[in-house]
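For chain A, the structure is supplied; the task is to place chain B on it using the hints.
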Amino acid sequence: DTGVSQDPRHKITKRGQNVTFRCDPISEHNRLYWYRQTLGQGPEFLTYFQNEAQLEKSRLLSDRFSAERPKGSFSTLEIQRTEQGDSAMYLCASSYRGSGIGNYGYTFGSGTRLTVV
Amino acid sequence: AQSVTQPDIHITVSEGASLELRCNYSYGATPYLFWYVQSPGQGLQLLLKYFSGDTLVQGIKGFEAEFKRSQSSFNLRKPSVHWSDAAEYFCAVGGTYNTGTASKLTFGTGTRLQVTL
Chain A
1 DTGVSQDPRH
11 KITKRGQNVT
21 FRCDPISEHN
31 RLYWYRQTLG
41 QGPEFLTYFQ
51 NEAQLEKSRL
61 LSDRFSAERP
71 KGSFSTLEIQ
81 RTEQGDSAMY
91 LCASSYRGSG
101 IGNYGYTFGS
111 GTRLTVV
Chain B
1001 AQSVTQPDIH
1011 ITVSEGASLE
1021 LRCNYSYGAT
1031 PYLFWYVQSP
1041 GQGLQLLLKY
1051 FSGDTLVQGI
1061 KGFEAEFKRS
1071 QSSFNLRKPS
1081 VHWSDAAEYF
1091 CAVGGTYNTG
1101 TASKLTFGTG
1111 TRLQVTL
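So the sequence lines, in the order shown, correspond to chains A and B.
Going by our numbering, 41 is the number at position 41 of the first sequence; the sequence numbering is gapless.
Going by our numbering, 1039 is the number at position 39 of the second sequence; the sequence numbering is gapless.
If you're looking for bench data, these hints aren't it; they were derived computationally from the structure.
Computed from a predicted model, the values in this text were never measured in an experiment.
Don't take every hint at face value.
[Stated by the list, open to error] Simulated DEER-style distance windows between Cβ atoms:
| id | chain 1 | residue 1 | chain 2 | residue 2 | range |
| --- | --- | --- | --- | --- | --- |
| 1 | A | K14 | B | R1077 | 44 to 50 Å |
| 2 | A | S66 | B | T1109 | 24 to 30 Å |
| 3 | B | T1116 | A | Q41 | 21 to 27 Å |
| 4 | A | E78 | B | S1072 | 35 to 41 Å |
[To be verified] Stretch by stretch, here's where chain A covers chain B in the computed footprint (C-beta under 8 Å, at least three residues):
| id | segment |
| --- | --- |
| 5 | 1039–1045 |
| 6 | 1103–1117 |
Glycine residues also receive a C-beta, built at the ideal position from the N, C-alpha and C atoms.
With the rest of the complex left out, here is chain B:
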């Protein structure tokens, strides 16, 4: 069964500092990988996704993520965090390139990001 681990429940960074949120997955093949952000009481907004090709993926709001097959990881990074980035971040895995579809997504438990001024 597929699974996602986000080892950091809560991270605090200073505004302007760099950020890396960790995500490790367990899956039988190369999966589709996603990062979503959720503000309190809101739905999920897609930051970026990886299906195939270049392992460094650029997303919205200045975020990027790198797929590392050898480490089964898909860590999210941002060079300079803004106070508005404070939110909950979820990594998700679903489907595989070989099956040609991402149906149900399996999410990690999330990382809450706090930004100090």
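Pulled out of the complex, with its shape left as it was, chain A reads as follows:
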């Protein structure tokens, strides 16, 4: 088990360009989450999936943001027409939600740092 992997680790893009990030969760985890963290702040929830279904989206997720998890495994987060305010660390996490009580192994990846210039 290699943990939660995110790619790329760093991304510098010009304002107005589109960017896409990838997250590979822990293989047996059925839930996948995206968070955004700006400097000096704690992570803020963006959205999460259970298998391939997107169950919740934060109001922070504007219409320029879209997330997918087509086969219930890896996920992508796309930002269209990037703005300087999108500069942040984008964190992915995964967990396992079973039939019983509990949600286990809420594990974060190392994040993708986006800089919009």
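This is chain B only, laid out in the frame that chain A set:
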């Protein structure tokens, strides 16, 4: 809405001294509670979590936390701090035992720990 308050933005302790980081939460029921640590430019590492049962929770790296329902607190402690503990510490709350799941996490703004030799 759930919220987390970490009243100390920055704490400095001497190596070998004891440590307590404060965390207060606001939630409608007994929530799932987490402490994470983040080194500069890195993702979040789980130190410990509380779901139910014993209110004193042991974690990795010699950390422990105590859930106090009456005070809505989940303070993190370590009896003897090492220089390698210098990092940012985040408290988070998510879901409730009654709902049987921790989906999105709400984080505090973090406490930066500095360790002097």
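Status of the hints after comparison with the structure:
Taken as a hint, the range 44 to 50 Å holds for the pair A/K14 and B/R1077, whose Cβ atoms sit roughly 46 Å apart. Separated by about 28 Å at the C-beta atoms, A/S66 and B/T1109 satisfy the suggested range of 24 to 30 Å. A beta carbon spacing of about 26 Å between B/T1116 and A/Q41 agrees with the range 21 to 27 Å that was offered as a hint. Checked against the hint of 35 to 41 Å, the pair A/E78 and B/S1072 passes, with Cβ atoms roughly 38 Å apart.
Closer than 8 Å: that is the beta-carbon criterion, and the segment 1039–1045 of chain B has 5 residues meeting it against chain A, so the requirement of 3 holds. Here's how the segment 1103–1117 of chain B fares: 8 of its residues keep a CB closer than 8 Å to some CB of chain A, so the rule of at least three is met and the hint holds.
Going down the numbered hints, you'll see the structure goes against none, and every one checks out.
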